[in-house]
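Numbered per the numbering used here, the sequence shown spans residues 2 to 152.
In case anyone wonders, no lab produced these hints; they're calculated from the structure. A portion of the hints provided could be inaccurate.
Said to hold, decoys possible - Below, simulated EDC-like cross-link-like pairs (lysine to aspartate or glutamate); rule was C-alpha separation at most 16 angstroms, straight line:
1) Lys138 x Glu111
2) Lys55 x Glu65
3) Lys142 x Glu51
4) Lys113 x Asp125
As the list claims (entries may be wrong) - What follows is a set of in silico ranges between Cβ atoms, one per label pair, in the way DEER data are often shown:
5) Glu91 x Glu120: 33 to 39 angstroms
6) Asp76 x Asp52: 27 to 33 angstroms
7) Pro50 x Ala134: 36 to 42 angstroms
8) Gln93 x Asp151: 21 to 27 angstroms
9) Pro50 x Thr123: 27 to 33 angstroms
10) Asp92 x Asp151: 36 to 42 angstroms
11) Ser108 x Glu135: 14 to 20 angstroms
12) Arg84 x Ala134: 25 to 31 angstroms
13) Lys87 x Asp52: 18 to 24 angstroms
14) Glu91 x Pro64: 15 to 21 angstroms
Glycine included, C-beta positions come from ideal geometry on N, C-alpha and C.
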Amino acid sequence: MRTRTITVTAILMLGLTACGTADNPPATPSNKGGAEASTTKEAPKTVSPEDLAKAREAAGLPPEPTAQARQAYLDALNAIDPRIIKPGKEDQAVSRGINQCRSIKDSKDEAKLAQTALERFTIDTRLPEIANAETGKAINKAVHTHLCPDF
2 MRTRTITVTA
12 ILMLGLTACG
22 TADNPPATPS
32 NKGGAEASTT
42 KEAPKTVSPE
52 DLAKAREAAG
62 LPPEPTAQAR
72 QAYLDALNAI
82 DPRIIKPGKE
92 DQAVSRGINQ
102 CRSIKDSKDE
112 AKLAQTALER
122 FTIDTRLPEI
132 ANAETGKAIN
142 KAVHTHLCPD
152 F
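Let the hints inform the model, and build the full structure from the sequences given.
Here it is, written out as structure tokens:
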């Protein structure tokens with residue numbers, strides 16, 4: 002599930018960045034120009050925040066959390082067990098939480114969601130002593146409360 006979400010998001014973002022305009026078409030073998038091609042590199046195209054938000058929504062993901070929501074989420078995970086977030090991997094924990102939002106949106110089976118959370122945060126392999134339904138449910142509550150309350 003996580004791989005599919007990441008893949009869909011990556012494809013959407015690549016598709017958006019590969020778009021050209023009449024004045025600036027995307028590079029193709031026919032318009033690169035061999036020896037006549039410019040030796041200067043163009044700046045990479047960026048995706049607007051609006052387009053990124055649309056891509057996230059199309060992929061079933063919530064918007065990027067605010068700084069306050071992000072910190073509240075990280076604090077909630079630390080309250081469950083400070084080992085859930087790997088040292089220096091706060092961004093990874095947020096990313097995994099956002100992906101868990103997609104699972105929350107797609108399923109209402111609490112037992113399955115709890116197990117998915119344990120797997121997604123690698124608790125089932127890294128921290129077997131807390132790999133139980135209660136921990137999974139607590140993670141889902143933190144995710145739902147702080148990252149995707151509308152799901």
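Here's how the hints hold up against the structure:
Between the alpha carbons of Lys138 and Glu111 the distance comes to roughly 7 angstroms, so the proposed pair stays at or under 16 angstroms and holds. At most 16 angstroms may separate the alpha-carbon atoms for a hinted pair to count; Lys55 and Glu65 meet this at roughly 12 angstroms. For the proposed pair Lys142 and Glu51, the alpha carbon gap of about 28 angstroms is over 16 angstroms, so the pair is violated. For a cut-off of 16 angstroms, the pair hint linking Lys113 to Asp125 stands: about 14 angstroms separates their Cα positions.
About 20 angstroms separates the C-beta atoms of Glu91 and Glu120, a value inconsistent with the hinted range of 33 to 39 angstroms. With their beta carbons about 31 angstroms apart, Asp76 and Asp52 fall inside the hinted range of 27 to 33 angstroms. The hinted range of 36 to 42 angstroms is satisfied by Pro50 and Ala134, whose Cβ atoms lie roughly 38 angstroms apart. Against the hinted window of 21 to 27 angstroms, the Cβ-Cβ separation of Gln93 and Asp151 comes to about 23 angstroms, which satisfies the hint.
Range check, Pro50 to Thr123: about 31 angstroms between beta-carbon atoms, so the 27 to 33 angstroms window is met. Distance hint check for Asp92 and Asp151: the Cβ-Cβ separation is about 22 angstroms, which falls outside the suggested range of 36 to 42 angstroms. In this structure the hint that Ser108 and Glu135 lie 14 to 20 angstroms apart at CB holds, the actual value being about 19 angstroms. Checked against the hint of 25 to 31 angstroms, the C-beta distance between Arg84 and Ala134 comes to roughly 18 angstroms, which is inconsistent with it.
Between Lys87 and Asp52 the Cβ separation comes to about 31 angstroms, which falls outside the hinted range of 18 to 24 angstroms. Taken as a hint, the range 15 to 21 angstroms holds for the pair Glu91 and Pro64, whose Cβ atoms sit roughly 18 angstroms apart.
In the structure shown, a violation is registered for the earlier hints numbered 3, 5, 10, 12, 13, in ascending order.
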